[in-house]
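Trainee: Residue numbers (the numbering used here), protein chains in the order written: chain A, 1 to 554; chain B, 555 to 1108.
Since the hints were derived computationally from the structure, they do not count as laboratory data.
Certain hints may be false.
[As the list claims (entries may be wrong)] Quick list of in silico lysine to any residue cross-link-like pairs, SDA-like style, CA-CA up to 20 Å:
id, chain 1, residue 1, chain 2, residue 2
1, A, 36, A, 121
2, B, 732, A, 30
3, A, 36, B, 737
4, A, 105, B, 736
5, B, 736, A, 33
6, A, 105, B, 627
7, A, 178, B, 594
8, B, 732, A, 26
[As the list claims (entries may be wrong)] Short derived list, chain B residues pointing at chain A, Cβ under 7 Å:
id, residue
9, 624
10, 627
11, 1056
12, 1100
Computed from a predicted model, the values in this text were never measured in an experiment.
Each residue gets a CB set at the ideal place from its N, CA and C atoms; glycine is no exception.
Chain by chain, the residues run as shown.
Number of protein chains: 2
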Amino acid sequence: MSHLLFERHAATLERAVQAIHERVYWSAYPESASPKNYGEGAAEAGRAAFDALLGKRFPLTQPATVGDVGGECSPFGPTLGVTYPKPDIDGLFAAVARAQESWKKLPPQAWAGVCVEILARINKASFEIAHAVMHTTGQAFMMAFQAGGPHAQDRGLEAVAYAWDELCRIPPQALWEKPQGKGEPIRMEKNFRVVPRGIGLVIGCCTFPTWNAYPGLFASLATGNAVIVKPHPAAILPLAITVKIAREVLAEAGADPNVVTLFAHEAGGTVAQDLALRPEVRIIDFTGSIANGRWLEEHARQAQVYTEKAGVNQIVIDGAADFKAVARNIAFSLSLYTGQMCTAPQNIYVPSAGIGTADGHLSFEEVAEGIADGVRRLLADPARAVEVLGAVQNDGILRRLEGARSLGTLLLDTQAITHPAFPDATIRTPLLVKLDVGDRATYLNEWFGPIAFVIATASTQESLAIVRDTVRGHGALTLSVYATDSAVIERAIEVAEDVGVALSINLTGGVFVNQSAAFSDFHGTGANPAANATLTDAAYVANRFRVVQHRRHV
Amino acid sequence: MSHLLFERHAATLERAVQAIHERVYWSAYPESASPKNYGEGAAEAGRAAFDALLGKRFPLTQPATVGDVGGECSPFGPTLGVTYPKPDIDGLFAAVARAQESWKKLPPQAWAGVCVEILARINKASFEIAHAVMHTTGQAFMMAFQAGGPHAQDRGLEAVAYAWDELCRIPPQALWEKPQGKGEPIRMEKNFRVVPRGIGLVIGCCTFPTWNAYPGLFASLATGNAVIVKPHPAAILPLAITVKIAREVLAEAGADPNVVTLFAHEAGGTVAQDLALRPEVRIIDFTGSIANGRWLEEHARQAQVYTEKAGVNQIVIDGAADFKAVARNIAFSLSLYTGQMCTAPQNIYVPSAGIGTADGHLSFEEVAEGIADGVRRLLADPARAVEVLGAVQNDGILRRLEGARSLGTLLLDTQAITHPAFPDATIRTPLLVKLDVGDRATYLNEWFGPIAFVIATASTQESLAIVRDTVRGHGALTLSVYATDSAVIERAIEVAEDVGVALSINLTGGVFVNQSAAFSDFHGTGANPAANATLTDAAYVANRFRVVQHRRHV
């Protein structure tokens, strides 16, 4: 069966491998929610499937279940009322270890075939998952559909493609014939067996539960490891649906469904740490806070630990051909999902003497005001604004937002907006604060949420020097530069490569610095403190398995 | 110039990449020291070049030199009397950092071209290096030539091939065109720049200074990292010659020679730790003791640490078609370089009821005596024996050998042999001790040197169970099984894959369990405590660099 799955998806996999080698535009799963892509009635069926889950025990049967757990509440208002199996940790690990024994013996084709089939089924559930993502993360529906659905699925397939590309280049067998002058050569048959590391643990986050979890989940699965998925207590449902689908595919393929299991838990306690320190766990994929990521890197020494933590993303403005387009683009980046993205910009550096534009010189104040005005215009219509902003995921964001208002001169205050469909949702517009260049203690820290600082610097040279210090010391996932002078752009590229952060140059159109496209953009570099790995590259997969050989004369 | 080097060696590199994908027999550098391969007079010229180095300051000019250092003494007797530049640590790092700045900006072709040219020049110096290896490690000349010369060079080229194979698959640039329905697509130019991690540190050992250092040295160099080579104080000369050649090639190619530097030091002190904890050091390749390897893994957290430590290698005997051939093969493995190999077998498990052979049943005692007799026969002629044994590298081996004599029943005592050409050399034959299966506290530890234990087990099943515990708990680089029953062989393969150790089956001919062929055998698995990486595979190179992208609309 698993061999049939490989054949079914061989063309997709081959195309995906081509895509990772070219890194031009490609996508396996359509991002448009149109019925042309997903079928007539798919949207309604997905909504109904989601509704049917609410207020019930989630239909997931797992071994070693000792009770119920769950307490998710939609950032748009309603309590979900879904409960999940609460696992006994020892019992679950015993079942997963048994599953791992059989899974690891299958050939890489079986791992790849099962993975791509799981992704295909997840794709079919995109609408159901979109509602689950929306009502756990606070993303507006269309973003939840795209980022939580097809974009996340593409990232998962990308990981499978990297894994497959590495596994393909290890010959299962070789006939080694060493010449012996005029005598018969020495002949040996050598067998090279791919052996997975062990059990993978995926630790999810509450803002992008699928997008950030799929790369690690599928990278580990596709290299023969069983995976325990531990969602954030506030965003269990999207990963519960994912795990359910994975288990169904595994069972249908004749594999042990416990190759993929869910470890749901409620907030508080030490579940993440307890799981991470289990000796059976040999791979950990983590997305979350700097503190928790560092703790894992420091303590989970028995495992390969891949972390995407956080950082301080920055924009350097030196000049612009069309400043209105710059302001529009930045405004959208600050507003999208209320800035609750690890890639959202925070610090905006502008020379105190202002900048040159095609329409003439703009003072620092005009630049700052232009950005503030861009945000105001983008969010002027509340009905449109809520589709960009979504809802505030948690109270920590609100507290941070309130605290940031008094950090400096207010350029744009945050405002509450009422959602026409969800009156209980907490919706906030971005806050823009002017800081002095000397306020390093403030702006070198991450203020996760819709909080941005506009900072007047002596020059772009100083801006880039601050960028360098910030990325080196605190990490960053994105850097953006606006300049018309090619020498400034070259200098920005040099700084970006030096400190290891992805750079976007003069984004004024339909691409935003927060966005990272599967099969093309590398998300995170692994070269600065924000992340110790890239989603996804060869290094992300090559150490999830080992090769064990045996040889004999023939 | 560096581009010309790439062109000069492109065919070799391409052939090497083919070899790592096929892992059938291939070698770039001839292992036979014949004049047909190395030219008439090469042997004499190499000897003369070595002799010319003795008793002098080694001709290596490095920045930040603050004195002389060195105190190598040949295990065959003579003091070498060679001194090396003693670097000021801060000054050297400053110079290396400057070199790294220019080296990292070159394209991967330049890195590869320079690497293969260095290897080609090292190959030409194989005789000189062979004498240097012989008179630091104690290897007999022919082994020093092969393992320290062409075999080590092949391992270096293998690392370059893996690096090149990974780097090739990252496109320098991509045109990303995202369709927009009937509108114009969004077009972005994306640039993907390979950015090396930083400075690599290679920590050499005193038994295989070149063979164990070249993979890390060339893997780091070929991915754009500068490398500081820190030899073992007892085996500086082979790596000093290596570094000198590397610096010559770099200078001729117009690169900064400080991309490769030597950090020689005398025994004692904390040089290795001081270097390993420098924040500039981002990659460490280590070969040596378990204690030192663990210390690095634990403390050098700023760096990627690749360790090849040590372990307990084992032989399981269940049956044999030709027991005399088995005994001959094992005897050679125990004797080769006086057992001073990280791959040499230590524990030999034999069922207490004996084994079946083509010539009938052999009791446990007959098997043990057969192996002892194999050693006696192999080493009967002292003139031939010294060419197999070489000399004892250090007094620690002698002390361990003496201590092991009283651990159990002596099956074969160690003997001193006088070397006809080097009367001062310390030469010892292997010691064979019978241990009880209950003596775990003894035989589960590594007794590095010419020390082997023959252990009577209840059955091969028990032998394999001990193997499992030993590899899991203490690590191993090799496992060997002798059996005629295919079920036993299958079981041994299963155990080997389970615990992650390379297995050799029924070696009775011209291949020995201690030998690992470049481009075919993976040395170490990274799956048991003996080594956290393989020499060489994709995982060994893929994390020595990162990719930093920049993108803009076009």
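Trainee: What are the numbers of the hints the structure violates, in ascending order?
Mentor: 4, 6, 7, 9 and 10
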